[in-house]
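Work out the full structure: start from the sequences and follow the hints.
Chain by chain, the residues:
Number of protein chains: 2
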Amino acid sequence: MNTRNKIFCLLAILITQSAVSQSLAPREVPAKTIPVPSTVSPQMQAIIAQPLRTNWDKPPTTPEGWKQLSDGIATTVAPLIPAMSDRMGVKVENSTLNGVRIYTITPNNITPENSKRLAIHVHGGCYVLNPREASLPEAIFMAGFAHMKVISVDYRMPPEAYYPGALDDAMTVYKAQIKLMDPKNIAVFGSSAGGALTLEMMLRAKKENLPMPGAIAPGTPMSDVTKKGDTFQTNAMLDNVLVSPDGFCDAATVFYANGHDLKDPMLSPIYGDLQGFPPTILTSGTRDLLLSNTVRMHRALRRAGIEASLQVYEGQSHAQFYRDDRIPEVREAFEEISIFFDKHLGK
Amino acid sequence: MNTRNKIFCLLAILITQSAVSQSLAPREVPAKTIPVPSTVSPQMQAIIAQPLRTNWDKPPTTPEGWKQLSDGIATTVAPLIPAMSDRMGVKVENSTLNGVRIYTITPNNITPENSKRLAIHVHGGCYVLNPREASLPEAIFMAGFAHMKVISVDYRMPPEAYYPGALDDAMTVYKAQIKLMDPKNIAVFGSSAGGALTLEMMLRAKKENLPMPGAIAPGTPMSDVTKKGDTFQTNAMLDNVLVSPDGFCDAATVFYANGHDLKDPMLSPIYGDLQGFPPTILTSGTRDLLLSNTVRMHRALRRAGIEASLQVYEGQSHAQFYRDDRIPEVREAFEEISIFFDKHLGK
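These protein sequences, in sequence, are chains L and H.
Under the numbering used here, the first residue of the first sequence carries the number 1, and numbering increases by one thereafter.
Under the numbering used here, the first residue of the second sequence carries the number 1, and numbering increases by one thereafter.
Wrong hints could be hidden among the right ones.
To be verified - Pair ranges (Cβ atoms, derived):
id, chain 1, residue 1, chain 2, residue 2, range
1, H, D182, L, N108, 44 to 50 Å
2, L, K347, H, G89, 43 to 49 Å
3, H, G346, L, A176, 42 to 48 Å
4, H, A49, L, I110, 51 to 57 Å
5, L, T33, H, G99, 48 to 54 Å
6, H, G346, L, G259, 53 to 59 Å
As the list claims (entries may be wrong) - 25 Å max Cα-Cα, derived PhoX-like pairs, lysine-lysine:
id, chain 1, residue 1, chain 2, residue 2
7, H, K116, H, K184
8, H, K347, H, K91
9, H, K263, H, K227
10, H, K58, L, K32
11, L, K32, H, K179
12, H, K347, H, K149
13, H, K175, H, K207
14, L, K175, L, K207
15, H, K91, H, K206
16, L, K32, L, K184
17, L, K184, L, K149
18, L, K58, H, K32
19, L, K32, H, K228
20, H, K32, L, K227
21, L, K228, H, K32
22, L, K179, L, K343
23, L, K343, H, K184
24, L, K175, L, K32
25, L, K116, L, K58
26, H, K347, H, K184
27, H, K32, H, K67
28, H, K343, L, K184
29, H, K343, H, K175
30, H, K206, L, K32
31, L, K149, L, K179
32, L, K179, L, K207
33, H, K343, L, K343
34, H, K184, H, K343
35, H, K149, H, K184
36, H, K179, H, K149
In case anyone wonders, no lab produced these hints; they're calculated from the structure.
Predicted, not measured: the structure shown is a model, and the values here were computed from it.
Just so it is clear, CB atoms sit at the ideal spot from N, CA and C, and this is done for glycine as well.
Written out as C-alpha cells, the structure is:
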C-alpha cells in the first residue's frame with residue numbers, strides 16, 4: 001500500500017471510530033424525587049436524609065482559604081474526640097515519629113491475637129482537609145471495634161507541603177514500623193484520599209523493594225482522580241457528601257497535585273501495577289460518588305490475582321460508613337474489616 | 001397508668017414517629033444526561049448504550065399475553081444456541097428428570113478437578129420469561145468458562161404452573177442429584193429470578209432437612225420483590241434492562257405469585273433465615289436496578305456469618321454480566337464465579 005492509500009485508510013478508520021463513538025448515545029435520565037430508603041437503620045436514615053454538603057461547589061480559591069477551611073474542620077471535631085474515645089474505650093496520644101506527626105490510639109482491651117499487630121491509618125479529606133483531631137474518628141473506630149493498636153499519620157498537607165508530601169510522611173511511618181515488627185503483622189487503612197494513599201503506599205513500597213504489609217483496607221478510595229468512572233455521573237447530586245465530580249474534593253486534589261499529572265499512579269493508583277499487593281478489603285455505598293472508583297479498583301485487583309473483598313452498603317454516600325460509631329452500619333463495616341484483618345494478618 | 005393515659009401515650013408516640021418520618025426529606029435529583037462510561041470494554045459500551053427496553057412499562061395483561069411474550073423470546077434465542085455452544089465448546093441435550101424438563105450442558109473439556117462436580121442452573125426471567133432455549137445462555141457460559149457440567153432446569157412457569165411450581169421443579173432436580181453424588185460437589189446458580197430461586201432452594205432444603213450444596217452463585221437476585229431497596233429509585237430510568245420498579249418484571253412476579261404474599265421468603269428470600277447457607281458469590285453492576293437487592297443480600301449473609309463474596313461491575317445494568325460470551329467483562333464474571341466454585345466445592 002502506498003503512502004497516500006495508507007492515509008486514506010487511516011482517515012477511514014478514524015471516521016468509522018468517530019461514528020461508533022457518536023452512536024453511543026448517552027442516557028437521558030429524568031429528574032427524580034428519591035426518598036430515604038427504609039432498608040437501613042434509623043440512624044443511617046438520618047445521615048442519608050441530610051441535604052447536600054454546604055458549599056460543595058464553592059471551594060476555596062487561595063492557599064489561605066484552604067487552610068482556613070481545613071483548620072475549621074479540625075476545630076469542630078476536636079471537642080468530640082474525648083467522648084468518642086470513651087465510647088470506643090481507647091486512649092489517644094500525639095507525638096512525632098522521625099519528624100512526622102502521628103497519633104497513637106491504644107484500646108483498653110487489645111485482644112490476644114492482636115497483641116503483636118498494628119494498623120497504620122492514613123486519613124481522608126481530599127489530600128487537603130482533616131488535619132490533627134479531624135483525622136482521628138476513623139482511626140479511633142478501628143482501634144475500638146477491632147481492638148487493635150492504631151497509628152494515625154497526621155501527614156503534611158497543602159499549603160504546608162504538596163504532592164508527594166502526604167505519601168512521603170505515610171511512608172516514613174511505614175518504614176519505621178517494619179523495622180520494629182513483622183510487616184505481615186501490619187495493616188494499612190484509610191478512606192477517600194486515605195484509601196488512595198493506602199494504595200499508593202503499596203506502589204511506593206514495591207518501587208523501593210520494601211515488604212508488603214499483611215493486609216490493607218482502602219475505603220471508597222480516590223483511585224482515579226481523572227474523573228473517569230460511571231458513578232461520577234450516575235450518583236452526582238445524589239451523594240450528599242462529595243455531590244459532584246466538579247466539587248470541592250477535586251479542587252482540593254488539584255491543589256495538592258500542584259501541577260503533577262493526575263493520571264500518575266501515585267495520584268490515581270488504579271493505573272499502577274497491582275501485582276503482589278496484599279489482601280485488600282474495599283468499602284463503599286450504593287450512593288457513593290466513588291462507587292465506580294471502588295468497584296473498578298476491586299476488579300483491577302482481582303484481575304491482578306489479588307485476594308480482594310468488596311463491601312457495598314445500602315444507601316450510603318461517600319465514606320458514610322465511618323460517620324458515627326453509634327450507627328449500626330458503622331459497627332458492621334468495621335467489624336467486617338476487622339474479620340478480614342484477623343484472617344490475613346500475621347500474629 | 002390507666003387505659004385512657006395509655007391511649008394518649010400511644011397516640012403521642014405515633015404522632016412523634018410520623019413527624020420523624022416526615023422530617024426525612026427525599027433527595028431532589030435533577031435531570032441528567034449520562035454518557036456511556038469510557039471505563040468498560042467497547043463491547044460492553046455498546047450494551048450500555050442501548051436504549052431502555054422496549055415496552056418495559058407495557059407488560060401483558062392476560063395469561064395468553066404473557067405466554068406469547070415468553071414464547072417469542074424462546075423463538076428469538078433458539079437459533080443463536082448452536083453457534084454459542086460451538087464458541088463455548090459445549091454439547092446441549094434436553095430430557096426430563098422425574099418429570100421436570102432439563103437441559104444437560106456438557107463441555108468438551110471438563111477439567112480434572114471438575115470431573116465429579118455439577119452445577120445446577122435456574123434461569124432468570126421474572127418467573128415467567130425465558131423458557132426452553134431462552135434459558136440456556138447463562139448455563140452454556142458457565143459450562144464453557146468453568147469447564148463444568150451443568151444441568152439447567154427448564155421449570156414450569158405461568159400459565160402452566162404458578163408459585164411454587166418453579167421452586168418445586170428446581171427442588172426435584174436438586175433432590176435427584178444429591179442421591180447420585182456428594183452434595184458438596186454441587187453448585188447452584190442463576191440470576192434475577194434464578195438468583196432468587198437459588199436462594200429459595202437453600203431455604204426449602206433447610207426446611208426439608210436436605211444437605212446444602214457446596215456453593216451457590218445468585219446473580220443480581222430478586223431477593224426482595226416488595227420493591228424495597230434504594231437502587232429501585234436511584235437506578236430507575238438508568239438501568240436499560242429492568243428500567244423501573246413499576247415495569248414488566250414486577251408485573252410478571254405478581255403473575256407468578258398468584259396472590260401469594262410477596263414478602264414470603266420463598267418469594268423474597270432476604271426475609272428468610274440464612275443460617276447455614278453455603279458459601280455464596282453474588283454479582284451485580286453499578287447501574288443495576290437490583291444493586292440494592294444484591295448488596296442487601298450480601299450483607300444479610302455476612303451478618304448470618306456466611307462466607308459471601310460480592311462482585312459489582314462498572315456501568316452494567318441488570319444481568320448484563322451474562323449478556324454475550326464475546327464480551328471481556330462476561331468472561332471475567334464467569335471466571336470469577338468459577339474460581340469461587342473451585343475454592344469451595346468438593347472434588
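Right, here's what the structure says about each hint:
no.: 1; hint: H/D182 / L/N108: 44 to 50 Å; result: holds, 48 Å
no.: 2; hint: L/K347 / H/G89: 43 to 49 Å; result: holds, 46 Å
no.: 3; hint: H/G346 / L/A176: 42 to 48 Å; result: holds, 46 Å
no.: 4; hint: H/A49 / L/I110: 51 to 57 Å; result: holds, 53 Å
no.: 5; hint: L/T33 / H/G99: 48 to 54 Å; result: holds, 49 Å
no.: 6; hint: H/G346 / L/G259: 53 to 59 Å; result: holds, 57 Å
no.: 7; hint: H/K116 / H/K184; result: holds, 10 Å
no.: 8; hint: H/K347 / H/K91; result: holds, 23 Å
no.: 9; hint: H/K263 / H/K227; result: holds, 10 Å
no.: 10; hint: H/K58 / L/K32; result: holds, 21 Å
no.: 11; hint: L/K32 / H/K179; result: violated, 52 Å
no.: 12; hint: H/K347 / H/K149; result: holds, 13 Å
no.: 13; hint: H/K175 / H/K207; result: holds, 13 Å
no.: 14; hint: L/K175 / L/K207; result: holds, 13 Å
no.: 15; hint: H/K91 / H/K206; result: violated, 33 Å
no.: 16; hint: L/K32 / L/K184; result: violated, 48 Å
no.: 17; hint: L/K184 / L/K149; result: holds, 15 Å
no.: 18; hint: L/K58 / H/K32; result: holds, 21 Å
no.: 19; hint: L/K32 / H/K228; result: holds, 17 Å
no.: 20; hint: H/K32 / L/K227; result: holds, 17 Å
no.: 21; hint: L/K228 / H/K32; result: holds, 17 Å
no.: 22; hint: L/K179 / L/K343; result: holds, 23 Å
no.: 23; hint: L/K343 / H/K184; result: holds, 24 Å
no.: 24; hint: L/K175 / L/K32; result: violated, 50 Å
no.: 25; hint: L/K116 / L/K58; result: violated, 45 Å
no.: 26; hint: H/K347 / H/K184; result: holds, 8 Å
no.: 27; hint: H/K32 / H/K67; result: violated, 37 Å
no.: 28; hint: H/K343 / L/K184; result: holds, 24 Å
no.: 29; hint: H/K343 / H/K175; result: holds, 23 Å
no.: 30; hint: H/K206 / L/K32; result: violated, 41 Å
no.: 31; hint: L/K149 / L/K179; result: holds, 17 Å
no.: 32; hint: L/K179 / L/K207; result: holds, 18 Å
no.: 33; hint: H/K343 / L/K343; result: holds, 16 Å
no.: 34; hint: H/K184 / H/K343; result: holds, 12 Å
no.: 35; hint: H/K149 / H/K184; result: holds, 15 Å
no.: 36; hint: H/K179 / H/K149; result: holds, 17 Å
Comparing the model with each earlier hint shows violations of hints 11, 15, 16, 24, 25, 27 and 30; every other hint is respected.
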